[in-house]
Structure formats: structure tokens, C-alpha cells
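K.L.:
Construct the entire structure; sequences and hints are all you get.
Heads up: the sequence shown runs through residues 1 to 1132, numbered per full-length UniProt numbering.
Please keep in mind that the hints were generated in silico from the structure rather than gathered at the bench.
C-beta: ideal position from N, C-alpha, C; glycine also.
This list has only true hints and no planted wrong ones.
For each label pair, taking beta carbons as the anchor points, the in silico distance ranges come out as:
1. N320 <-> L766: 57 to 63 Å
2. E632 <-> D389: 43 to 49 Å
3. R781 <-> Q864: 55 to 61 Å
4. Q499 <-> F830: 52 to 58 Å
5. E327 <-> S696: 29 to 35 Å
6. V953 <-> K1043: 32 to 38 Å
7. Q864 <-> D1093: 24 to 30 Å
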Amino acid sequence: MAFTIYHSNHLDDLQFMASYIIKNNPLDDPLAPEYFIIHSAGMTNWLKSALATEHNIFANTRLEFPINQIVTIIENLLSPEERAQTNLRMSRLTLTWAVYDALNQLDLSNLPELASYLNDKGAQSDDVRMMGLAEEIAGLFDKYLAYRPDWFAAWENHQRIFPDSPYESWQQQLWQIIRSQVIKKYYLANILSHLKTLPSERYQAATIPRRLFIIGISTLPPLFIELLHVLSEHIDVHLFFTNPSQFYWGDLTQYRQRTIARINFKTEDARTDYLAPNAQAVQPDQEEHWLEFHGNPLLANFGKIGRDFLHVLSQYDDLNEIEAFTEPTTPGLLGEVQRAVYHLAPIQADAPKYCVAEDDGTIAFHAHYSERREVEGLYDQLLKAFNEDRTLAPKDIIVMVSDIDRYRPMIEAVFGSPFEPRAKIPFTISDFTLGKHEPILEAFLLLLSMSESQFTVSEILTLLDIPEIGEKFHIKIEDRALIKRWIDASNIRFAIDDQHLDDMHIRDDFTNTWLWGLKRLLLGYAVNDHYSLEGVRALPYVQGGDAEVLGHLADFIDALIALKKKLSQSYLLIEWRTLLPEIWNTFYVDNQATQLRLQHLQTIWNTFIDEGLDTTFHDEVSIHLMHRHLNEHLSSFRPESRFLTGSVNFCTFIPMRSIPFKIVCMLGMNQDSFPHRRQYPEYDLMQAHPARGDRSVTNDERYLFLEAILSARTQLYISYIGRNIHNNSEMFPSLFVNELQYYLDELAVMSSGASMSEALTHRHPLSPFSPTLFKADSPIRSFQKPWLPTSAVINDESFVPAPVEVTTLTPKQLIDTFKNPIKAYSLKHFGIHYQNDQEDELPDDELFSLAQYNGLEAYVARVQLLEDLFYNDLPADDLSDYAHHTLFHRYKAEGRLPKFAFAEIDWQDFAEPIVQLVLAGKAQGCQYGAQQQVQVALENCTIEGTIDGVPDVQQTTVFVGKWTLHRQFEAFITHLLNVMALGKPIHSHIFYLEESVGHFEISGITPEMARQHLETFFEGYTLNQQTPFLLIPSKDYLKTGAKIIKPHQHFIDQMYHHYNETVAHEYLSQFDNHEFNTKIVQRYWASLESVHDAMRARFVPVVTLKEVMGYLYFVTHYQSLLPEKTRKKAKS
1 MAFTIYHSNH LDDLQFMASY IIKNNPLDDP LAPEYFIIHS AGMTNWLKSA LATEHNIFAN
61 TRLEFPINQI VTIIENLLSP EERAQTNLRM SRLTLTWAVY DALNQLDLSN LPELASYLND
121 KGAQSDDVRM MGLAEEIAGL FDKYLAYRPD WFAAWENHQR IFPDSPYESW QQQLWQIIRS
181 QVIKKYYLAN ILSHLKTLPS ERYQAATIPR RLFIIGISTL PPLFIELLHV LSEHIDVHLF
241 FTNPSQFYWG DLTQYRQRTI ARINFKTEDA RTDYLAPNAQ AVQPDQEEHW LEFHGNPLLA
301 NFGKIGRDFL HVLSQYDDLN EIEAFTEPTT PGLLGEVQRA VYHLAPIQAD APKYCVAEDD
361 GTIAFHAHYS ERREVEGLYD QLLKAFNEDR TLAPKDIIVM VSDIDRYRPM IEAVFGSPFE
421 PRAKIPFTIS DFTLGKHEPI LEAFLLLLSM SESQFTVSEI LTLLDIPEIG EKFHIKIEDR
481 ALIKRWIDAS NIRFAIDDQH LDDMHIRDDF TNTWLWGLKR LLLGYAVNDH YSLEGVRALP
541 YVQGGDAEVL GHLADFIDAL IALKKKLSQS YLLIEWRTLL PEIWNTFYVD NQATQLRLQH
601 LQTIWNTFID EGLDTTFHDE VSIHLMHRHL NEHLSSFRPE SRFLTGSVNF CTFIPMRSIP
661 FKIVCMLGMN QDSFPHRRQY PEYDLMQAHP ARGDRSVTND ERYLFLEAIL SARTQLYISY
721 IGRNIHNNSE MFPSLFVNEL QYYLDELAVM SSGASMSEAL THRHPLSPFS PTLFKADSPI
781 RSFQKPWLPT SAVINDESFV PAPVEVTTLT PKQLIDTFKN PIKAYSLKHF GIHYQNDQED
841 ELPDDELFSL AQYNGLEAYV ARVQLLEDLF YNDLPADDLS DYAHHTLFHR YKAEGRLPKF
901 AFAEIDWQDF AEPIVQLVLA GKAQGCQYGA QQQVQVALEN CTIEGTIDGV PDVQQTTVFV
961 GKWTLHRQFE AFITHLLNVM ALGKPIHSHI FYLEESVGHF EISGITPEMA RQHLETFFEG
1021 YTLNQQTPFL LIPSKDYLKT GAKIIKPHQH FIDQMYHHYN ETVAHEYLSQ FDNHEFNTKI
1081 VQRYWASLES VHDAMRARFV PVVTLKEVMG YLYFVTHYQS LLPEKTRKKA KS
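P.N.:
Written out as C-alpha cells, the structure reads:
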């Protein structure tokens, strides 16, 4: 029996050797299984397929992960009595419960490090904080078991490893408690000594394998290697190691003298002959190369995991080693990289660089603007690869993604919906986490948090958006919009009732709570009028058959209230077992999909409970602990892998997935995405005292990156986000990608002499319809036919709208052009309607002040109050009393005011200015909301439509806002149209609201003057349809620069219509124009750049001198027409 290590740089050669051994050295018992140790489900699928191909059929195998396979063998070696005294399958969850129980028993008075954390009253409950700490410590102990087993022996003998460490003491105490209460006589860290004493007869049992194959594994903990070494005295252990280089690189300082059989597989006969039973070992020559070794940079940077593994293996002098390397035959630059690693070749400054052909596509970097564009670019590149290589199959391609959960929706959207059926590429997605992509499970986690929930509107609507929950309570999809309107109209915000508010330490005024809102709706249905009962004002929004929907909503809220009450209590672990299916069946309809998810949840739930019951912990626990575990597990649990199913494989970066593929792709290789960063706790003793063979996330992913490079057979494709989609700023790839690019720059050069990293990087445009993607010779050519018609009419020139003859125009179109020129432009040419993104989001927060509303909300609230005051027949003397009493109590009963005494204070601040505005308007005969028809025939256009106004020479308008520039345009253009409608001069009064009521008058304009002004505004309308004007809403040039601008009017007009940058700069550089340049042009240029407007940024991302000239043209031709702002304080 022996421990044999097989080295090869190709995994398929290692698989062939294993297959050869099985085929040519069969087991004595034909029914005995073969035993394999593998590290991933993907490796399992690949190995089964490969072995089946070699043997035509392959069955009766035991493929397990290292811990499971080794523990199973050891358990089968033990007698029943010995097995009863061992605890080899101590999972991390078992350790977590054991640590949690030990923390509860530990005296923290002498352990300030733990006490300061556990006594910190943060947002988490005490048991959740303690369970989180227990989980971290259990992870450390689990790591210590595999990598530092000698520490536990010392701790059990009351010895310290690091006397100066402040953290070892309490870890030792915790372990001693766990050891005495949970762990039996033997466990994985101390079973080795007992294993060495077992009689050899036990290895003859049928349950003990005769040989053990280990394949596809890049590293193992030292404890596992030691256990395998002991087992190899009675069992043949064959370890197949994918070694990147034919030379020993496990120790960079000296070369260990070893006896190695080496052969290079040049032909099929060579492999077969060499592995024949009578093959003779070939002794290697002593190579002076080792004396001058400097190493390959890629192996030095990325190979620490494999290097340490080789070093650990080299400590055993009785191992047999066989090397079966094959010279890499990959073409192009990729092959040169692989051969450089294979030969352990360093970079030599005086050596000639490898010359890369211009059409070499074996290594490619692709920089994109977004994840979606990354996936679209990959899709097109794969279609291109299939076109160029007819032997290429989907199963020959692997795509490794830095964050599979983030990219999964884009992958499904692009690959799942091809532009035509024949362009469909079969694909599978592996390794995604379950909870993040299962709304039904996310909703269940939200249900479990109801004990601490504030019952906000957003939480309740989120639950109702789950079809399985809505169906359980007979709420249809179309009913949800109706429920949302009810919630908005009834002003429900959060909390169940006044008792719930009191529990949250909020004064118990039940206004805006769910029960208050439901009472409003039910009362409105019962009386169908604005009726008040016990401080609740009816809301008559529910009619007819809608009452049934309201009943279902009430049932749903009642169920949530009952759930909150139930989850507010603590239970024993055994009692929690029955609660999960009870909660699930209360809220989810029973169908096949929900039952499958319930079974999955129960498995997680019950495992957590069972592991806790196996310890000495028997106290009650809260829902917070159960919720935390379920949430953590769903966020990290990956369903059964669908790796290697004959399709393009999308997967995450999982260690030891070095299966060879023709094309290896990597997505999401961004600086902030890969490698993944993990923060280790400061009390991690392994981090403070590292040793060779230790693992870390960064080192694992470094080796993964190296394996990916070496496992590609024809092409390596690396993609990342290279430009910010919002501001086009440069973004950088992963540090690993940078290191590879730097290495390529040192290794090779393009035949044209260009830098390798730059020549191999393809920068994709922002949009999928960019013309550069549809050029025949483009290396990033797109196959997306639906975008081709769009691309055909797009070029790199600025968009210039075709002239459109305008014969009719509505007053609104004309006014909107001067209120917001860019919005009118985009609406006319692109049909873009700009809306508030948060219009449909209902607020969760308590209303604190109407007067402090922001933006649109404040305007809507003021307009509604204005209408309430105008639309009544009360005389002016009674209006103030009506506002401060009747409307106040109505608004308060409707939940539209703050609570308690703040309501009166807020109402006074909010309503009084509007009352004064209405009184001022009514004093001038304002007929709010009145409109009249107008039709004005201009020289080239007819303005026809409705405008605000009455057929009278005196017009009155009120605005519940400031006298801004866009309101000035609206009022003035409306005045001109009213003049034309009546055919004689009129007098317009405009009242507006700033710190107090303001008053502005427009008069003295004859119909001839009005027509002339409208012709000018119409000219501005047509010019804006060609190039949109920019505005500075807060500027009034008439007060600051009219006199300075006037002498330069001809220059402004010339530059606007026929802009010439050279002429413009020459003019402004003249001494006589210095004041105009500094006080007007430069000042307004800076002002235009300071205006932050997302809409403007779409059309004018950069303000240039041309835009400044356009602005000056606007103010001198159109803004100058506005009447002077002679403001008068209104008399109330």
C-alpha cells in the first residue's frame, strides 16, 4: 500500500491515469465500489462523464467531499464502542450552538474583550448578538480543527500557545467548556493517534475501500493530509494534482532531491505504455536551472495555494511521485503564457519578446459601461466564436462571474430572449443563492420579522405583491392598485393602533394607523358620505363590489396582527418546530411551488433546531434567533448545482474548478468586485500567527484566476466595467487583471509594436445600437438585428432635427416652451415624458409639518387648500374662520396634519398665507379655474386652445408659489392671448406666494403689440425646436447686465445663428470687449455650469461658449419682453 502523487499540467491527463489504473488493475471484488475525493459538484459531473467515456459505462462509485469521505472511512474502521466515544461529524452549526451555550455560561467579569461586545446595546437583540459572535467563534474553531489541531491538545492540558495574546485566554476557556459538555473522547483533531493503533485486520472489512482516488483538488488542510498518510499504510491513496509547471516550485529557496518518474505525453501510445504495469521509472537529470531559479511571475503572484500544498507534501519522504506532463499546445498568445508557466520561465529583460499576430484573439479584455452591456457583449462574442469554429459546442464554454446573483437577471434576459430562435445559445446558471432571487422566500422572512415591524405601508404592500399571499386572501392582481389608492386617500402611514404606537414609545394618537384607516374606509362604505364617528372621518371611496376587496384586506391585516402577537413570545426549540408550517399555511396558498419551498425551509429550520437540541442548551429563544439563521442560510445557500449539463455554464468563482474548456470567460472583473474581500476578526489567532498552507479568500481567488488562465484551450475572455455609465469617467479592472496585463506587456509585443494591454482591450460603446458595433471588420461586432435599423440612421454627428412646418399651436405648447425649453424639445422630438420617479411610492413616515413639505408635495398640498377655499360661497369675512376651524378639523380628522398640539401650530403656518392669497384674489374678482377659448391667427401659425381667463378687461390669477421666471412667462403669454381674445387692452392682476402675498400687474398692451410679441415668442418656439435654449431660473439679467449687453447685440445674434468658435474667441479677447467678456459671458457661463439638471445633462452634457451665446440670445430676445417686476404688497 502506498501514497502516490501524480503530477500533470492537464486535468484530462490525470483523469486518464485514474481511468487506466481502474481499468488495468481491477478490484478483487467486481461489486466493490471505487472511492473518490472531489471538491465540487461540477467536478463530480465532469469526472463521471469522463470516466464513463473511457469505460463506456461507469457506475458504483462513491464521490464525496474530503471531510465526508475521510470521516466515513474512519468511522467504518472503529468498533461500535469506539464510535460511541467519537464525534467526528461535528458540523459548524453544532459548534455554533455549543459556543452559544458556552457563552451563556461564561463569567464575563474577567473577560472585558467579550463583555464590551455582548453588553453593547445596539440595534440587535442580545441573543442575536451572541449568536453572531458564536457563529464567528465556531468558524474559527472549525478552522483551527483542520489547520491547528495541536492547539486544542495544548488547551486541554491547560497550556497557552501565545501567552502574550489577549484573545487566547477566553478562546481556551470556551473550548474547555465545549470539550467537557459536547465533544466526546475522540474528535477529528485527536483521532490520529488512535487511528495509528488500530489493528490491520479492520482494514479488511467490506466497508473499507481498497484504494482511494483524490482528483481535482489544489490543496488540503495539513490534518487531512496526515490522516490520508496514515490510511495509506493500508489503503492505496492516489492523489492527482494539477501542477502548472513541470519543475518543482513548492520551495523557491532550494531544490529538494526527490525520486520522480517523469514522462511527457506526446502520443496516446506513450501514455498507455508508460502506465503499463511493467513500465520503468525514468530518473531525471540534475538541472542547473534550479540553481538560478527566479520563477515565473504568474506563479509567484497567483500560485501561493498550490505552492504551499506542494511544500506540505514535500515534507513526507515516503510518498511516490509520478510526473506526466504535456507541453501546452494552445495556440497564440494564450499558449505562450501557458508554456511560460509550464517551463517556469522568468521574464528576462534582455530576451526578445514574443511577437503576437494582429489577428491573435486568444486573450481578450472587454471594457463595458454596465453589467447588461457586459452580458450583451459576451453573447455577441460567443455567436462570433460559433461562426468561426463549427466544432465548438456550448458545453465547451464556461463563464465565471464575480457575483452570479447580480448578473443572473441580465444573463436570463439576454441569453433567455434571443432576437431570433436560431440565435439561441443553451445556457445554465449555477451557484446562485436561493433567497436573493425568490420573492416568495424574501416575503416569508419579512413575515417572520413582524414582531418588530412598524407595519409600514411599504412592508404591507410588499407582502401583497406576492401572488401566493394575495391568492390566499382572495386579493387579485387588479385589486392591488385599488388597495393602494385607498391607502393613499385614507393617509395610512404605519403602526397597527394606539397600543402599537405605545409599544414603540410613540404617544398613542391612533391617527394614520392601519386600524384607524380601515375604520375610515368601512365607515365610508356604510354611510357613503363624509361622516365623523368617534374622531374618525368617513372616507366614501368604497362602493359596490369593492367592499369584498376591503373585507379581504381587513382579513389580511388581522392575520398579520395575530402573527405579530404570536412571534412576540419566546419558545423552546422543540416548540419552534411546528410554528414554521403553521405560519406558512396561514399566509401562502397551497400549491406545488409553495410546498417545495416549504419543504426547503423546513429542512433549514429543523436542522438548526436539531443541532441545538443535540447540545446542552435548553432555554427559550426568540424569533430573532430563528429569523437570523434562516436569513443567513437563504442568503448563502446555493441550490443543487446544474454545472456541466451540455450548455454554456455560468457559475461563480469556486475553488478547484480547474476543468478544461475551450473558451474560458470571466465577467464582472471589476476593481471593487474581485477579489472578494473578507474582514477577519481581530481575535483570529491564525491571522495573527500564519503558517504555510493556511487559506484565505484572496489567495484562493488568486489561484482560481491562475487555474482559469491555464484551463483555457483556445481563448481567454475577460470582461469588466471600464467606464462609469453616469459620467463616463474611467473605471479600473480587478488588480488581478492589471497584474495579468502588466505580465503580458513584459512577455510579448504586437507585431505592430503596440502595447499588449492596450491592443488586447476592446472598449464597447454605451448603447447596443452604436454604429461601431455593426461594422463588418469590427472585433466587437454585434449580431443583434433588431438594433440594426436604428444603427443605420445614427452617426457620430450631433442630432439636428429636420425643419417641421408648424401651422397650428396650442397655448400650452407655446407656454411650456418658455417655462422649460429642454423639456419641450425632448417631448417634441423624442416623446420623452419626464415624471417623478417616486410618484407611485406611498410614504411610511409620520407627517410632521405641512408647511415643511418639499417640492411637488408642498405644491399639491397648497393647491388643494387653495381650491377648498375658492370653491365655496362664503363671503370674504367668513373665509378665515372657515379655514381655521372647519377645514382644520376636517384635515385633522382625515389624518393630513401632525399630531397633538403641533397640528394647530402647523396649520397656522401653512394655511394663513394661502388664506391671505385667496382673500387678495377674491378682492380683485378672481374666478379661480375659469377658462376661455382663444384663436389667434399669426403670420405663419394659428394659436388655438383654452387659456386661463374670463371675457373681461380685468383678469386675476393666483399662484401658490414664488414669482419665478417660468411663472412670469406663463402669466405674460396668457395675458397676451387674453388681449387677443378680447381684442382690446386688459388689466391683469397676478398674486403669488413668497414670504408674504406678492402682487404683480400687467397692463397697457394693445392688440397690435400683443400680436407682435406673440410673433416673437412663436419665433422662439421654432428656434427651440432646432436647438433647445438653456435657462438660469434665478437670474435677472435686466438688473445686472442690460446696459453692458446692448452694444454687443449684433455679435450675440451673429454667434447664435452662425456660430464660429474662432471668431467668438477673437471678439472676446479684444480689449474693448473685456467688460462684456468678464461680467457677462464668463459670469453666465459659470452660472449655466452650476445648474444641476438631469434632463439638461442628457442633451447638453458640457456647457460651451456656443451655449452661452444661445442663453444671451434668449434673454435679449424673449426674456427682455417680460414686463418690469413692479411688485406691490397686497392688501388683505
